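**Student:** Let's have the full structure, built from the sequences with the hints guiding it.
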Amino acid sequence: MDCALCSSSNGVCKFELEFAPNNESVEICDTCKSQIDSKEFDTTHWHCLSDSMWSEDLATQALAYRVLRDMGDQDRLEQMYFEDSDLKWINADKAIDEVICKDSNGARLFAGDSVTLIKDLVVKGGGFTAKRGTLVKGIALTDNPEHIEGRVNGQRIVLVSNFLKKVAD
53 MDCALCSSSN
63 GVCKFELEFA
73 PNNESVEICD
83 TCKSQIDSKE
93 FDTTHWHCLS
103 DSMWSEDLAT
113 QALAYRVLRD
123 MGDQDRLEQM
133 YFEDSDLKWI
143 NADKAIDEVI
153 CKDSNGARLF
163 AGDSVTLIKD
173 LVVKGGGFTA
183 KRGTLVKGIA
193 LTDNPEHIEG
203 RVNGQRIVLV
213 SNFLKKVAD
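Here my numbering is used: the first residue of the sequence shown is 53, the next is one more, and so on.
Rather than coming from a laboratory, the hints here were simulated on the basis of the structure. Nothing here was measured: the structure is a model prediction, and the numbers come from that model. The C-beta atom is built at its ideal place from N, Cα and C for all residues, glycine as well. Each hint should be verified, as a subset may be incorrect.
Straight-line distance between alpha carbons at most 25 angstroms, and here's what the computed PhoX-like set of lysine-lysine pairs gives [to be verified]:
{"hint": "1", "residue 1": "Lys-154", "residue 2": "Lys-171"}
{"hint": "2", "residue 1": "Lys-176", "residue 2": "Lys-218"}
{"hint": "3", "residue 1": "Lys-140", "residue 2": "Lys-91"}
{"hint": "4", "residue 1": "Lys-171", "residue 2": "Lys-189"}
{"hint": "5", "residue 1": "Lys-85", "residue 2": "Lys-140"}
{"hint": "6", "residue 1": "Lys-217", "residue 2": "Lys-140"}
{"hint": "7", "residue 1": "Lys-183", "residue 2": "Lys-171"}
{"hint": "8", "residue 1": "Lys-189", "residue 2": "Lys-218"}
{"hint": "9", "residue 1": "Lys-85", "residue 2": "Lys-146"}
Listed next, with one range per pair, are the computed distances between beta-carbon atoms [stated by the list, open to error]:
{"hint": "10", "residue 1": "Val-219", "residue 2": "Asp-172", "range": "16 to 22 angstroms"}
{"hint": "11", "residue 1": "Thr-181", "residue 2": "Lys-154", "range": "21 to 27 angstroms"}
{"hint": "12", "residue 1": "Val-212", "residue 2": "Asn-62", "range": "42 to 48 angstroms"}
{"hint": "13", "residue 1": "Asn-196", "residue 2": "Glu-92", "range": "20 to 26 angstroms"}
{"hint": "14", "residue 1": "Asp-172", "residue 2": "Asp-195", "range": "24 to 30 angstroms"}
{"hint": "15", "residue 1": "Val-174", "residue 2": "Glu-135", "range": "32 to 38 angstroms"}
{"hint": "16", "residue 1": "Asp-122", "residue 2": "Ile-152", "range": "17 to 23 angstroms"}
{"hint": "17", "residue 1": "Thr-186", "residue 2": "Glu-92", "range": "35 to 41 angstroms"}
{"hint": "18", "residue 1": "Arg-184", "residue 2": "Lys-66", "range": "49 to 55 angstroms"}
{"hint": "19", "residue 1": "Glu-70", "residue 2": "Asn-157", "range": "29 to 35 angstroms"}
{"hint": "20", "residue 1": "Val-212", "residue 2": "Glu-108", "range": "37 to 43 angstroms"}
{"hint": "21", "residue 1": "Gln-131", "residue 2": "Val-219", "range": "20 to 26 angstroms"}
{"hint": "22", "residue 1": "Lys-66", "residue 2": "Val-174", "range": "49 to 55 angstroms"}
{"hint": "23", "residue 1": "Cys-65", "residue 2": "Ser-137", "range": "27 to 33 angstroms"}
**Tutor:** What follows is the structure, given as C-alpha cells:
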C-alpha cells in the first residue's frame, strides 16, 4: 500500500486522526509520520500535498489540511473547502493550545469565521483604506490574540480584532 499523502511505499502504517468523528485513519509513510509528529517539516517533501489535498477521502484531505496549516501555507489552505462540521473536528487538535481571540463585542473568533470592519482602517504598505462594513471571510488566527489575518482587496493583511465584528453563522 502507498502513502496517501506522498505516494511512497516505504514503511506505510495507519495514522489515526485525533478528534475525527468516526475514528478515521490514513495510511502514511514513515517520512510523513515522523515530520507530522515532530512538526519539523521539509517543505520539499510536502510539495506532494498539492495533489493529496484533492483526495476524495475526507481523512486524507483533513490530514493534508492540518499539515498545510502547521506549515503556515496559507495559499494552499485557501484553496481547500470543508463543511463547517468537518472543519470543527479538523481544527480541534489546534484548539487545545490556541490563544483565545475576541472581536469588539467580546464574541470569540475562530479560524474560518467571517467578520466585518467597524471602522475605516488605513492599510500600512497596502496603499488603500479598508472601509467600514467590509466583509472579511475565512479569517486565520495568529499567535497574538489581538490580531487576525484576512484577505481585503485581494491582499492578505493583519487586522486588529478590536476593530472587527463577528458575522453570525
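**Student:** If a hint holds in the structure, say so; if it does not, say that too.
**Tutor:** So, going through the hints one by one against the coordinates:
no., hint, in the structure
1, Lys-154 to Lys-171, "holds, 17 angstroms"
2, Lys-176 to Lys-218, "holds, 23 angstroms"
3, Lys-140 to Lys-91, "holds, 21 angstroms"
4, Lys-171 to Lys-189, "holds, 17 angstroms"
5, Lys-85 to Lys-140, "holds, 23 angstroms"
6, Lys-217 to Lys-140, "holds, 21 angstroms"
7, Lys-183 to Lys-171, "holds, 7 angstroms"
8, Lys-189 to Lys-218, "holds, 10 angstroms"
9, Lys-85 to Lys-146, "holds, 18 angstroms"
10, Val-219 to Asp-172: 16 to 22 angstroms, "holds, 18 angstroms"
11, Thr-181 to Lys-154: 21 to 27 angstroms, "holds, 24 angstroms"
12, Val-212 to Asn-62: 42 to 48 angstroms, "holds, 47 angstroms"
13, Asn-196 to Glu-92: 20 to 26 angstroms, "holds, 23 angstroms"
14, Asp-172 to Asp-195: 24 to 30 angstroms, "holds, 27 angstroms"
15, Val-174 to Glu-135: 32 to 38 angstroms, "holds, 36 angstroms"
16, Asp-122 to Ile-152: 17 to 23 angstroms, "holds, 20 angstroms"
17, Thr-186 to Glu-92: 35 to 41 angstroms, "holds, 38 angstroms"
18, Arg-184 to Lys-66: 49 to 55 angstroms, "holds, 51 angstroms"
19, Glu-70 to Asn-157: 29 to 35 angstroms, "holds, 32 angstroms"
20, Val-212 to Glu-108: 37 to 43 angstroms, "holds, 40 angstroms"
21, Gln-131 to Val-219: 20 to 26 angstroms, "holds, 22 angstroms"
22, Lys-66 to Val-174: 49 to 55 angstroms, "holds, 52 angstroms"
23, Cys-65 to Ser-137: 27 to 33 angstroms, "holds, 28 angstroms"
Of the hints listed earlier, there is not a single one the structure fails to meet.
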